[in-house]
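Trainee: The lines below spell out each chain.
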Amino acid sequence: MTIRIGVITASDRASAGIYEDISGMAIQETMKDYLKSKHEIVYRCIPDDQHTIEETMRELCDEQGCCLVVTTGGTGPARRDVTPEATENVCEKMMPGFGELMRQVSLKYVPTAILSRQSAGIRGKSLIINLPGKPKSIRECLDAVFPAVPYCIDLIEGPYLECNEEVIKAFRPKQ
Amino acid sequence: MTIRIGVITASDRASAGIYEDISGMAIQETMKDYLKSKHEIVYRCIPDDQHTIEETMRELCDEQGCCLVVTTGGTGPARRDVTPEATENVCEKMMPGFGELMRQVSLKYVPTAILSRQSAGIRGKSLIINLPGKPKSIRECLDAVFPAVPYCIDLIEGPYLECNEEVIKAFRPKQ
Amino acid sequence: MTIRIGVITASDRASAGIYEDISGMAIQETMKDYLKSKHEIVYRCIPDDQHTIEETMRELCDEQGCCLVVTTGGTGPARRDVTPEATENVCEKMMPGFGELMRQVSLKYVPTAILSRQSAGIRGKSLIINLPGKPKSIRECLDAVFPAVPYCIDLIEGPYLECNEEVIKAFRPKQ
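Residue numbers (our numbering), protein chains in the order written: chain A, 1 to 175; chain B, 176 to 350; chain C, 351 to 525.
No lab work stands behind these hints, which were simulated from the structure alone. All values reported here derive from a predicted model rather than from experimental measurement. Any given hint might turn out to be false.
To be verified - Derived BS3-like pairs (lysine-lysine); straight-line CA-CA distance at most 30 Å:
#1 K524(C) x K386(C)
#2 K349(B) x K108(A)
#3 K268(B) x K108(A)
#4 K311(B) x K382(C)
#5 K300(B) x K211(B)
#6 K486(C) x K309(B)
#7 K382(C) x K524(C)
#8 K519(C) x K382(C)
#9 K213(B) x K283(B)
#10 K458(C) x K300(B)
#11 K268(B) x K519(C)
#12 K309(B) x K382(C)
#13 K519(C) x K283(B)
#14 K524(C) x K108(A)
#15 K93(A) x K475(C)
#16 K386(C) x K93(A)
#17 K458(C) x K125(A)
#18 K136(A) x K268(B)
#19 K125(A) x K486(C)
#20 K36(A) x K134(A)
#21 K32(A) x K169(A)
#22 K207(B) x K134(A)
#23 K36(A) x K388(C)
#24 K207(B) x K108(A)
#25 K524(C) x K125(A)
#26 K268(B) x K344(B)
#27 K108(A) x K38(A)
#28 K309(B) x K108(A)
#29 K268(B) x K486(C)
Extracted from the complex, chain A is given alone in its bound form (with noise of 0.2 Å):
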């Protein structure tokens, strides 16, 4: 069975073609970068409305089958920024420790790191990860969840990624 990882780009601008999503791009190259596992990505570029953004979720995790959903854009504090709000719409469980440990990494660099209100939840079998919007918060960002990630996915039955030891180190614990 191959893996797929979603991405998301939440963004008014990227989805009506005013802009390149460099973000979503910057996701899809890191996830290459990280796994050593075969995978697809499946990737949408939508609007900032947290109707589409919850539906484009649910289609990823239920239909899709990924088990990890990285989404970037839409959780700051401006009307329009949702996507935290959708995120914990579509799942059973959120995940504190990721938005706590991404905000503090990002506060190394931005005081106004403060600001992003990124989380993290559970639907189902699938991770569903809020990312800053700005491409460089990004790496940051990722390069410090990341290890956790292949073992949260053992943990709610999804598949068994292996990474690229040089690039990221996944940590399992012995149990």
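Given chain A's structure and the hints, the job is docking chains B and C onto it.
Mentor: The following block gives chains B and C in isolation, referenced to the frame of chain A:
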């Protein structure tokens, strides 16, 4: 248009005149220190009653047009401590990064910092921030989070706040 | 009046007798080490069933009069991990600072600490704290948060806890 900053002290004893509201005064002094922009303070000292706190927050945001509302008091675990619940009820979006950073800063001074439940959130074009009740902690917490406040208010379409850079440095990322 | 401390192990396997409840024992040992005040432990080992966990928390708080209820197990992302949800359902107030600090401490040891969803909350005059399931992490987490516990219990009008100061130092701010 004048910039308005709301200050709410939630305290049964201060609102009954049993003691002076040193905390509310400390916030007002700090705003004067921080802000170069001309501004007015709208100040309320009220009991620790959830309904009253919510009504006061709505008044300061919606009727008084405060772009920033800072509260003190009512963030502990005691029965009458209900400011975070009031904040969550009146806000459309919660900003977990503010509470996380304030607790982290206060933890350098006292291990009981984890008992502080303060948070922050967005109501319309207003940012509401809960501070702890103790005057000493107020300045520590504001020094930590305020650099992100002017940019946050830009993002929610509020007025442009200018800071006294020798006192506190506002950070606005280059777009 | 005797001080009562509740200990709940949520574990399908330990409650079925498949393995020994080392984690529950570790908490009881730690309480004996920490507390100078005479106290009784009320111990329950139950399956990872949300309804059962909620009922047990209510019993220990309301009927047994425990001022502190410490749980272990059920804080991960797996389908049967529901202790944080049970805690949130029975508590009037959540205390996010406990989970934040415990995850921060555990992150020094393992990157998978972000998968721990443990929290804490207040039900009436009882403080409920979720600890992780692994015995080693239990002591690390308790050492980090316990200095704030006696003062928290003062604030919710529980009994006065005295600690063995050479083992753990309770902190009570001067009023």
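Trainee: Take a quick look at whether K349(B) and K108(A) sit within 30 Å of each other, Cα to Cα.
Mentor: With a Cα-Cα distance of about 17 Å, the restraint between K349(B) and K108(A) holds, given a limit of 30 Å.
Trainee: Between the alpha carbons of K519(C) and K283(B), is the straight-line distance 30 Å or under?
Mentor: Distance of about 16 Å is within 30 Å: holds.
Trainee: Measure nothing beyond the straight line between the CA atoms of K309(B) and K382(C); if it is 30 Å or shorter, mark the hint as holding.
Mentor: Distance of about 33 Å is beyond 30 Å: violated.
Trainee: Taking 30 Å as the top limit, are the C-alpha atoms of K309(B) and K108(A) close enough?
Mentor: 27 Å, holds
Trainee: Taking only the CA atoms, is the gap from K36(A) to K388(C) under or equal to 30 Å?
Mentor: 56 Å, violated
Trainee: Hinted pair, alpha-carbon criterion (30 Å max): K311(B), K382(C). Please report holds or violated.
Mentor: 35 Å, violated
Trainee: Run the distance test for K207(B) versus K108(A): straight-line Cα separation, threshold 30 Å.
Mentor: Roughly 28 Å separates the two Cα atoms, so the pair holds.
Trainee: Taken at face value, is the distance from the CA of K169(A) to the CA of K32(A) at most 30 Å?
Mentor: Distance of about 14 Å is within 30 Å: holds.
Trainee: If you draw a straight line from the CA of K125(A) to the CA of K486(C), is it 30 Å or shorter?
Mentor: 28 Å, holds
Trainee: Decide if the proposed pair is consistent with the structure: K108(A) and K38(A), CA atoms, cutoff 30 Å inclusive.
Mentor: It is violated: about 34 Å lies between the C-alpha atoms, which goes past 30 Å.
Trainee: Holds or violated: are the alpha carbons of K486(C) and K309(B) at most 30 Å from each other?
Mentor: Violated, at about 36 Å.
Trainee: What's the verdict on K268(B) and K519(C), does the C-alpha distance respect the 30 Å limit or exceed it?
Mentor: 38 Å, violated
Hint check: violations occur at hints 4, 6, 9, 10, 11, 12, 14, 16, 22, 23, 25, 27 and 29; the rest are consistent with the structure.
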